[in-house]
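Just so you know, the sequence shown maps onto residues 21 to 671 in this note's numbering.
In case anyone wonders, no lab produced these hints; they're calculated from the structure.
Watch out, some of these pointers could steer you wrong.
What the hints assert, rightly or not - Now the in silico label distances, taken between C-beta atoms and shown as ranges:
no.: 1; residue 1: K286; residue 2: H241; range: 27 to 33 Å
no.: 2; residue 1: S145; residue 2: T64; range: 44 to 50 Å
no.: 3; residue 1: H241; residue 2: K131; range: 16 to 22 Å
no.: 4; residue 1: D448; residue 2: P368; range: 25 to 31 Å
no.: 5; residue 1: N454; residue 2: A198; range: 36 to 42 Å
What the hints assert, rightly or not - Within a straight-line C-alpha distance of at most 27 Å, the following computed BS3-like cross-link-like pairs (lysine-lysine) qualify:
no.: 6; residue 1: K277; residue 2: K252
no.: 7; residue 1: K23; residue 2: K277
no.: 8; residue 1: K50; residue 2: K131
For every residue, glycine included, the Cβ atom is placed at its ideal position computed from N, Cα and C.
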Amino acid sequence: MTKSDMQLVQSIFPFTETQRIPISFEYDGKSYKGIPSSFRPKVTRRLISANIQQVIVTGSHEDGLEIRAEHLRYLDFPVTEWVAFVTNNSEQRSKIVSKLRIIDDEIAGSKPRFTYSNGDNMNTSGYEVFELPVGNEAIALSPHDGTSCCGASPYMKLLFEDYGVLIGIGWPGKWSSAVQGSTEGVRLSIGQDRMHMALNSGETIRTPRVNFLGFEGGDDHGRNLWRRWYFKHILPKEHGDPIPPKLCLHDWRPDGKEFTEATEAKQILALNQYVDRGMKPDVWWFDAGWYKNDNFWPYTGTWEPDLERFPSGLAPIGNRCKELDIQFLLWFEPERVHAGTALDTDHPDWLLYPSDPNDTNRVLNYANPEALDWTINHIDGLIKEYGVEIYRQDLNFDPMKFWLEHESEDRIGAIENLHIQGYLKYWDELLHRNPGLLIDSCAAGGRRNDLETMRRSLPLHYTDVGYGHHPIKQKQHRFMFEWIPYFRAHTMSWDNDEGTYEPAGNQPVDKYAYHVAMAPSVTSMIFFDDGEELFELGKQMHGVWRRAAEIMLSADYYPLTETRKSEEDYYAMQFHRPDTHQGFFQVVRNTRAPEETFIVYPAGIEPERTYVLENAETGEELLLTGGEWIEGFSVKIPRRTGQIWFYRSQV
Numbered sequence: 021m022t023k024s025d026m027q028l029v030q031s032i033f034p035f036t037e038t039q040r041i042p043i044s045f046e047y048d049g050k051s052y053k054g055i056p057s058s059f060r061p062k063v064t065r066r067l068i069s070a071n072i073q074q075v076i077v078t079g080s081h082e083d084g085l086e087i088r089a090e091h092l093r094y095l096d097f098p099v100t101e102w103v104a105f106v107t108n109n110s111e112q113r114s115k116i117v118s119k120l121r122i123i124d125d126e127i128a129g130s131k132p133r134f135t136y137s138n139g140d141n142m143n144t145s146g147y148e149v150f151e152l153p154v155g156n157e158a159i160a161l162s163p164h165d166g167t168s169c170c171g172a173s174p175y176m177k178l179l180f181e182d183y184g185v186l187i188g189i190g191w192p193g194k195w196s197s198a199v200q201g202s203t204e205g206v207r208l209s210i211g212q213d214r215m216h217m218a219l220n221s222g223e224t225i226r227t228p229r230v231n232f233l234g235f236e237g238g239d240d241h242g243r244n245l246w247r248r249w250y251f252k253h254i255l256p257k258e259h260g261d262p263i264p265p266k267l268c269l270h271d272w273r274p275d276g277k278e279f280t281e282a283t284e285a286k287q288i289l290a291l292n293q294y295v296d297r298g299m300k301p302d303v304w305w306f307d308a309g310w311y312k313n314d315n316f317w318p319y320t321g322t323w324e325p326d327l328e329r330f331p332s333g334l335a336p337i338g339n340r341c342k343e344l345d346i347q348f349l350l351w352f353e354p355e356r357v358h359a360g361t362a363l364d365t366d367h368p369d370w371l372l373y374p375s376d377p378n379d380t381n382r383v384l385n386y387a388n389p390e391a392l393d394w395t396i397n398h399i400d401g402l403i404k405e406y407g408v409e410i411y412r413q414d415l416n417f418d419p420m421k422f423w424l425e426h427e428s429e430d431r432i433g434a435i436e437n438l439h440i441q442g443y444l445k446y447w448d449e450l451l452h453r454n455p456g457l458l459i460d461s462c463a464a465g466g467r468r469n470d471l472e473t474m475r476r477s478l479p480l481h482y483t484d485v486g487y488g489h490h491p492i493k494q495k496q497h498r499f500m501f502e503w504i505p506y507f508r509a510h511t512m513s514w515d516n517d518e519g520t521y522e523p524a525g526n527q528p529v530d531k532y533a534y535h536v537a538m539a540p541s542v543t544s545m546i547f548f549d550d551g552e553e554l555f556e557l558g559k560q561m562h563g564v565w566r567r568a569a570e571i572m573l574s575a576d577y578y579p580l581t582e583t584r585k586s587e588e589d590y591y592a593m594q595f596h597r598p599d600t601h602q603g604f605f606q607v608v609r610n611t612r613a614p615e616e617t618f619i620v621y622p623a624g625i626e627p628e629r630t631y632v633l634e635n636a637e638t639g640e641e642l643l644l645t646g647g648e649w650i651e652g653f654s655v656k657i658p659r660r661t662g663q664i665w666f667y668r669s670q671v
């Protein structure tokens with residue numbers, strides 16, 4: 021981070037005066053920009069912490085409609101932030117609020133380019149990154165459904181000739197953005213996609229929360245500023261400390277039934293076997309199916325354990341985890357209610373029903389305060405009773421069609437807005453009531469990993485696609501390491517004997533499976549009753565993984581290859597700590613890569629230093645000067661293998 025970076029961000033939507041706030045909206049048919057003087061705005065300033073300065077601007081229409089805009093400036097990073105709230109303080113229904121955009125303003129700069137991604141769209145085309153020049157025609161983005169990352173990622177870049185701006189949108193629903201060339205540079209617009217509503221008395225709606233990081237220099241500099249800011253200010257802490265790498269294990273078979281046949285005895289047997297055989301996990305993972313479901317895990321809506329399989333509930337599993345100092349992770353999907361479950365039968369007034377009578381899904385409506393309070397209290401009780409330390413929340417359907425079918429013409433976007441506020445309140449309350457609790461964000465994979473969600477959670481299951489399709493996985497990891505740098509991978513391999521993935525194979529766990537699963541958290545697919553040889557391999561590779569993962573969480577990230585989703589490519593990356601002059605690089609030769617050798621050209625290396633390079637698996641050590649290494653380090657490995665080399669500066 022440079023002085024120029026810090027000065028630069030002060031020109032990206034700073035707070036200068038109330039009329040210049042980047043918000044825009046219409047009220048009762050009249051357009052407003054900023055908070056006009058007729059709203060009698062008041063400004064409050066305070067320090068939230070030593071490194072965060074807040075400005076709150078509040079103004080009210082003469083009929084009692086209040087606008088409150090909140091601006092944060094980070095004093096330790098070149099980052100700024102905006103969010104706004106609209107409240108009807110009158111005793112009557114308000115006029116129509118529409119076209120509410122938290123950002124609707126220009127960013128100055130020449131030769132603008134826009135970089136964006138299609139997010140996690142639940143197929144192999146996801147996590148692609150695109151770049152377009154910004155011209156007179158607007159480039160519009162919005163998710164395909166009511167989840168924030170499906171078909172469009174809420175993480176994007178504006179790159180100018182002299183500097184860049186990284187943008188993160190926090191809205192766990194359907195946001196929209198548009199960039200368009202302007203006289204000074206680029207006009208940027210961001211807000212909830214659909215907004216045309218009258219507010220009931222006392223009701224509050226809110227906008228997405230948007231962050232901007234400004235930087236001078238190349239992509240590497242901007243990427244690593246974001247990672248450092250994310251680790252310090254976004255990624256949740258674990259009892260006040262940075263979250264360490266986590267090895268996850270479970271008793272699961274890939275037959276599509278999830279955990280519908282799990283029992284208390286089987287779970288505790290598997291857990292004990294792993295520990296007794298020297299493979300103790302950090303997390304014991306218990307996914308969908310612990311409730312009564314007739315071997316159909318999507319039968320959600322009765323949030324009580326199946327007493328035939330768990331006669332004492334799930335407390336015996338949670339207690340055993342606590343005895344072993346292992347975190348107990350438990351899966352929930354509270355927003356989806358299946359026909360015939362307890363919530364459907366007992367509380368139909370809490371649900372949004374589909375117009376299609378053949379659709380068995382309903383939405384538990386967080387816009388209903390009674391439904392939200394019940395959810396908070398009931399799930400909080402289960403967390404406490406069962407000793408859950410990681411609350412895993414999923415969402416395997418699209419809530420948008422339910423929101424659309426239940427809204428009126430003068431309340432467009434209201435159910436979505438209130439539901440999302442309820443979703444965030446629910447998580448905030450669980451975290452408040454259970455100090456040290458971690459939340460795993462999942463929505464059929466990574467469909468709801470926007471920045472507002474990530475402030476409260478980890479994406480331990482960032483996709484439902486490509487666990488063992490290595491080139492697809494490499495593409496996904498490239499995106500995650502840059503934007504959401506704590507995530508989990510599986511040691512799965514779906515390549516066939518020809519080295520392709522069509523038809524899919526199912527190779528046993530080996531060292532290659534670990535190399536293509538190098539992430540801050542990993543799930544080993546070695547089963548508790550596998551042979552001793554496989555356990556020994558796992559224990560060796562867990563040591564390599566954990567050492568590398570600790571560096572991933574404290575170092576800058578440099579992709580050393582492109583990721584083209586091809587089995588004919590090499591995949592290489594480097595993590596470097598400039599403060600301690602150490603790190604590691606990894607080279608993976610995919611299943612059909614033809615070249616015998618790969619040349620590593622490292623980043624961040626100082627020519628005058630001497631470095632000790634250590635092969636992670638063999639222990640071989642080499643001495644190289646930085647000047648020699650910068651000229652290239654040759655790695656020769658067979659197909660379908662990988663190497664990790666740790667390095668440090670020789671004192």
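Tested hints:
1. K286 <-> H241: 27 to 33 Å: violated, 50 Å
2. S145 <-> T64: 44 to 50 Å: The hint (44 to 50 Å, Cβ to Cβ) holds, given that S145 and T64 are roughly 46 Å apart.
3. H241 <-> K131: 16 to 22 Å: Holds: the Cβ-Cβ distance is about 18 Å, inside 16 to 22 Å.
4. D448 <-> P368: 25 to 31 Å: holds, 27 Å
5. N454 <-> A198: 36 to 42 Å: For N454 and A198 the Cβ distance comes to about 40 Å; the hint holds.
6. K277 <-> K252: violated, 39 Å
7. K23 <-> K277: Status violated; Cα separation ~55 Å.
8. K50 <-> K131: Violated: K50 and K131 sit about 34 Å apart, past 27 Å.
The earlier numbered hints that this structure contradicts are 1, 6, 7 and 8.
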